[in-house]
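There are 4 protein chains.
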Amino acid sequence: MTTKLMLTGGTIDKNYNEFNGELNFIETHMPELLAIGRSRADITVQQLMMKDSLDMTNQDRDIIVKACKNARADKIVLIHGTDTMVETAIKLGQEKIDKTIVLVGAMIPYVFKHSDAAFNIGFALAAAQMKSTGVYIAMNGTLFDYDKVIKNRKLAEFQSI
Amino acid sequence: MTTKLMLTGGTIDKNYNEFNGELNFIETHMPELLAIGRSRADITVQQLMMKDSLDMTNQDRDIIVKACKNARADKIVLIHGTDTMVETAIKLGQEKIDKTIVLVGAMIPYVFKHSDAAFNIGFALAAAQMKSTGVYIAMNGTLFDYDKVIKNRKLAEFQSI
Amino acid sequence: MTTKLMLTGGTIDKNYNEFNGELNFIETHMPELLAIGRSRADITVQQLMMKDSLDMTNQDRDIIVKACKNARADKIVLIHGTDTMVETAIKLGQEKIDKTIVLVGAMIPYVFKHSDAAFNIGFALAAAQMKSTGVYIAMNGTLFDYDKVIKNRKLAEFQSI
Amino acid sequence: MTTKLMLTGGTIDKNYNEFNGELNFIETHMPELLAIGRSRADITVQQLMMKDSLDMTNQDRDIIVKACKNARADKIVLIHGTDTMVETAIKLGQEKIDKTIVLVGAMIPYVFKHSDAAFNIGFALAAAQMKSTGVYIAMNGTLFDYDKVIKNRKLAEFQSI
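Chains as they are written, first to last, in our numbering: chain H, 1 to 161; chain W, 1 to 161; chain F, 1 to 161; chain Z, 1 to 161.
Next comes chain H alone, as it looks inside the complex (with noise of 0.2 Å):
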C-alpha cells in the first residue's frame, strides 16, 4: 500500500531566511522528517508547489484536485498551510474522489525547537493508512471530516463544528 505525500508548502515547510529575516520556502523537510521517525512505510514524495495557503490561487486548488485524482495511490497525505486548509479540503471533499485523503500541516514550522510537524505527520500517515475513502483534516491530534471543521483563529487550533 503506497501512500502519496503531496506538498504544497504551508507553515509546516517555511525556513528561516537569514538574509532579510521573514520565514520563506527553500527545500521541503518532509524527507529528514520521514527520516527522523524512522518511517519504512511505503510513501512517494510529490511536490506540487510551494506556497503559503493564503496566497493559494483557485488554480493551485485546481492544480491539487487534479494531482488526487491522477496520482495512482489511492492513500494520499497532503501537506497544506493551515489558514486555508478547511478551503481546500471541501474543494476536495466535494469532488468526491475515490480516495482516501488526508490534510495536515503544523501551527509552528519543521525548524523550530517546538514545532508540532513530526507529531502531525505521524498521526496524518497513519489517519490516510486505516481510513476509508474521504476528505479530512489532521491537527491537534485528532481527525476531522472536512465538511465539520473550522480553523479557530483566535485560539490558533482546529475545532469540530
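Keep in mind that the hints were calculated from the coordinates and are not lab data. Please note: incorrect hints may appear among the correct ones.
Which copy is meant is left open, so a pair is good if it fits within one copy or across any two.
In silico DSSO-like cross-links for lysine-lysine, where the CA-CA straight-line distance does not exceed 27 Å [unchecked claim]:
id, residue 1, residue 2
1, 131, 66
2, 51, 69
3, 154, 51
4, 91, 66
In this text, all values refer to a predicted model and were calculated from it rather than measured experimentally.
Take the given structure of chain H and dock chains W, F and Z to it, following the hints.
Just chains W, F and Z, lined up with the frame of chain H:
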C-alpha cells in the same frame, strides 16, 4: 472518545543522568510531547511502571493486562520499550480484550534531537482512534498486527512476518 | 566579577507568532539559554527594550549608552540585532566608557533548531570576562574591535575591515 | 591566529547507540557544532582518541601532552570528558607548555536537546583566543585556572578551590 495513554517506561522516556552518564528514568516526557504536538484529543495518562522492557517480568505483564482490562477507555496507547514489545503484544492479544490497544515506543529517547518519539506517538494515537478492537504495534510509520511482527535487532526496526 | 547581560531584542530573541505566522518579540530566551549552558557565572539580566535593530532610533541608542555608563558591572554583554550592531558599537566606542562591552546576537533566532545563539552567547560571555576595557562585537566565533568590523549582508556574516 | 581543536572523546561527543541502548562514540559532532555556531575562525580539528575520560590511561595523557607540545598552533581547545578533566589539566599544567590550552567538555552530550555543548565550545574558543599562556578549564560559563578547580560530583558542576 477518550484515549488512555498507559506508561510503562521504555527507551522513549529515558533521560540522561548527568551524575553517572547513564540513561535512566526520571519523569515521563509524554505530557510535554502532547503539548508540543498541540493535541486537543481527550487523553488521560496513567503510569503503570517505568522500566526498561528487558527488565519486565511476567508480573509486570500481568499488571499491564489487568490495567488494559480495567480501563474505562476502550482506546489504549501503551508506551513500551521496543525490546520486548512484541512479547507483551502477544500476551495482550491472547487475552482477547474487547478494546483497541496500540503498543508504541521509540528507537531514540525523546530527549535526543533526532528522536522518533513525536512521530511515533502521533501515529499511535491516530491508530488507536481509528482501528477497531485488537492489539497492534505502531513503529516505523507502520501499524502491525500483534502476531505478525518482529523486531529486527540488526536493523533496529520492526518488520512484518 | 559580575557580568551584566543587557537585552535590546534582535533576531536572537524573536519568537514564532502562531497567530500571524510572523517572528515577533514575546519574551527573552536568555535565562533559558544560560540554564541550558549550565552557567554558574555571576550574571544579572536587564531588559532595555525588545526591538528589531532596524527599528532602533537614536533615542534607543542613547538609552543603551546611558545604561552602559550607569551599570555597576564593568563587564557588559549587550544582546543586539545584527543589522545595526556595528552602528551601535561605534556609538558606544566613541563614548570611551571605562568598561568591557561586548555586543552579540544571532543570525538564527534561539527558537530554531539550528540557531547560533548558544554558541554566540558562550563566546561573548567569555570575551566580556577576559578582555580589558573596550567595545567589541562577538559573532562568527570571532571577536572584532568595534571600529574594524562590518556585517557582510551577502554572506550574512561579520568580517574584519 | 589558528586554534587547534583536539578531540579526546568525553560526554560531549557521545552518541545514542540504538542497537544496545547505550551511549557510545561513533563520530565527533564538533564540525557540525562549529557550523551551527557559524564560526568563521581559523580552527583545525585533530582527533587524538575517542574515550570516556574515566577510561583514560597515563599513556593516553602522554599522547595528549605530546600533541599539545607538537601542535603548531599556540591556541588549543582540548575536548575532554569531565570526570578526569582536572587530572589531565594538572598534568598539562605541570608541563609548562608555552601555549594557551583550554580544556572543555559538556555535562550533557551534544545529541541531547538540552546539551550545554554549544554554549561551552563557544566559551572555550573565546578563552583560547583571548587568554595568554597557561592551562585552563572552561565549564559552567566560567574559566578556571587548572590548579584551582574541582568537579563537584554531587552538583555536577565545576567549582573554584
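Q | In rising order, the numbers of the hints this structure does not comply with | A | none
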